[in-house]
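Trainee: For the record, the sequence lines run as chains X and B.
Residues 621 to 968 in my numbering are what the first sequence lists, from first letter to last.
Residues 720 to 1043 in my numbering are what the second sequence lists, from first letter to last.
Derived by calculation from the structure, the hints in this document are not laboratory data.
For each residue, glycine too, the CB sits at the ideal point set by N, CA and C.
Don't take every hint at face value.
What the hints assert, rightly or not - The calculated EDC-like cross-link candidates involving lysine to aspartate or glutamate, where the alpha carbons are at most 20 Å apart (straight line), are:
1. Lys741(B) - Glu773(X)
2. Lys741(B) - Asp963(X)
3. Lys741(B) - Glu772(X)
4. Lys741(B) - Glu765(B)
What the hints assert, rightly or not - Partial list, derived from the structure: chain X residues whose beta carbon lies under 7 Å from chain B:
5. Arg734
6. Ala749
7. His753
8. Ala756
9. Cys764
10. Ile770
11. Thr796
12. Thr800
13. Leu951
14. Gly954
15. Ala957
16. Leu962
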Amino acid sequence: MAIAREAGPVGSIHEVREAGLDREDLLGVYRAMLVTRGVEERGHILYRQGKIPGSFYTGRGNEGASVGVATAMGPDDVGTPLHRDMGVHIVRGVEPWRIFAQYMGRQDGPTHGRDGNVHMADSQLGLIAMVSHLPAMLPVATGCALAFRIREEARVAVGWFGEGASARGDTHESMTLAGTRTLPVVYICDNNQWAYSTPTHLEFATEHVADRAQAYGFEGVVVDGTDVLAVYREAKRAIEKARAGGGPTLIECLTLRMEGHAVHDDAFYVPKPMFEQWAESDPIERFRTWLRDNAGLTDEEENEIAAGVKKLLNDSLQRAEESPQPDPADLTKGVFASPEDLDTPHHK
Amino acid sequence: MPELTYLQAISDGLRTEMRRDKRVFLIGEDVGVYGGAFKVSLGFQEEFGPWRVIDAPLAETAIVGGCTGAAIMGLRPVAEMQFADFISCGWDQLVTVAAKQRWRAGTPVPMVVRLPSGGGFSGGPFHSQNPESSFAHIPGLKCVCPATPEDAKGLLISAIEDPSPVLYFEHKHLYRRIKGEVPEERYTTPLGKARIHREGSDVSVITWGAMVYTADEAAQQLDSDGVSVEILDLRTVMPWDKAAVLESVRKTSKVLVLHEDTRTGGFGGEIAATIAEEAFEDLDAPVKRLAAPDTPVPFSPTLEKAFIPQVDDVVAGLRELAEY
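Put together the whole structure using the sequences plus the hints.
Mentor: Right under this line is the structure:
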């Protein structure tokens, strides 16, 4: 039996306005979702062209969840998005050409070729780069929230993890610390139902991951992760609650990973009907329909947005391809930080 | 100048930085009300309050990861592991996240993890280890191993100031046994700069931590044989003062590398290899290593004595070198 609150869909544009988004914002959300998917689709092409070393991961099916949460964050909030959360980077303002450069291991990627795929973040935009060990970024997000609490700042940290990573101790330790100290942190579980090839019932024995929240002393919410507006509404509520001193929330965004774990994986273990069923609630198509029905999205606007995104991606790809390879002479630089590295807004 | 124990000097250094810099906070198990398992932070919570001296749940991953996040947000966290051994539970946060963040993502992580380490009092396999070599091997982490009260204070202040993650190994067997003069004012002792603990001309001992005192006792015994022993206290094993080691080797031409950690893969191997590469022509004897055997740390006093290098072991090693 579910313990977590099961959030319903968002109804009218009136409800959305109350949650803080006007029509212009909604078109921005739609555009961010298109850019998110577009970046990853172009990434696939780059991979097939042999331009991306190593492997390649996408978050297809998770665009609504990632964009929805990021849209709810304030400018001074921080987050630790993962490899299914490209939408967070897009909403926070990471330029797609830098993402393509990152994919290709070029000098202008955020890690300058030192790390690959979505292991990147622009700290100036309040993001912290993920590691492969999941959910190792949850304790880090919790520590950001601890810093905000110590300094009594009205800021919130958002930490992402997957339903697979919910099995690891980092999740438990983070939520224990955050719960006992009422820290301003919101945990987002991207439950895309498959941890590589492992289904949810082999990762957790409760109905929902979010059911666990009660055990840590805070609220758990399950939301349809393909419904960007419902995700936004729940994230906004949780973030503002944390900002006001109300402590953490665990939000579980239910989606399906619409591709393999990575590009090499054809996901043969996922039952075909499951893909077919979830394809019907594609987050982008779903939101497009909602915008047409509820916000009067016209053909003209739609075409204009699509054309803008296409141009952005084309230009970005070209610019990324012009980015040089990193210089091996720099390899050993920056293993240790220098005092000048502390000359950032965070350390003032 | 007041005389402080090694433990009091650590407290003094931490208190000095917490008074000077509001960004510094302490987090760990039982560090608040109880003042820490070894009482390093006794009275700190009264002075600095519960949000700067934080009693954490028994959750090393959350402590180390939490410090990483807080450091990235601009604070200067100091984590206390109750025993250095427990850092195994925070290994991933330290090695996977904190150590690599500057190099791969450009994000500095200025944090300190205090690690009460070392044996000599029947702590057994899980309360006696010296894991500094494991971490010295990880690019991005600094490892500090003070031997004297004066260094304990100065190196801790440097560690807190440092923009990288620093592991501060405080040797439990020195806590109350070793006393020394410690300046009252704030000062820093640079990381990566060795200290000549004892000048000598015939044999060099390269060591750090509690072994400095074992070496010192041995050196006094060799004095009566007319053998002059130089003791170089590395102070920090990452970065380590290669130049000072090579200088001492060139001076004496005979070297004993001594550490309390186990032998294979211990940091002494790195030092010996460097001497072989860079000062081979200056040597009059093969480089000798003296370390604990490759076993877990034993509990019984008899076994522990056989495990930790003793004064007699060092005396024998030095004599062998002197006679070579």
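Trainee: Run the structure past the numbered hints and jot down the numbers of the failing ones, going up.
Mentor: The structure breaks only hint 13.
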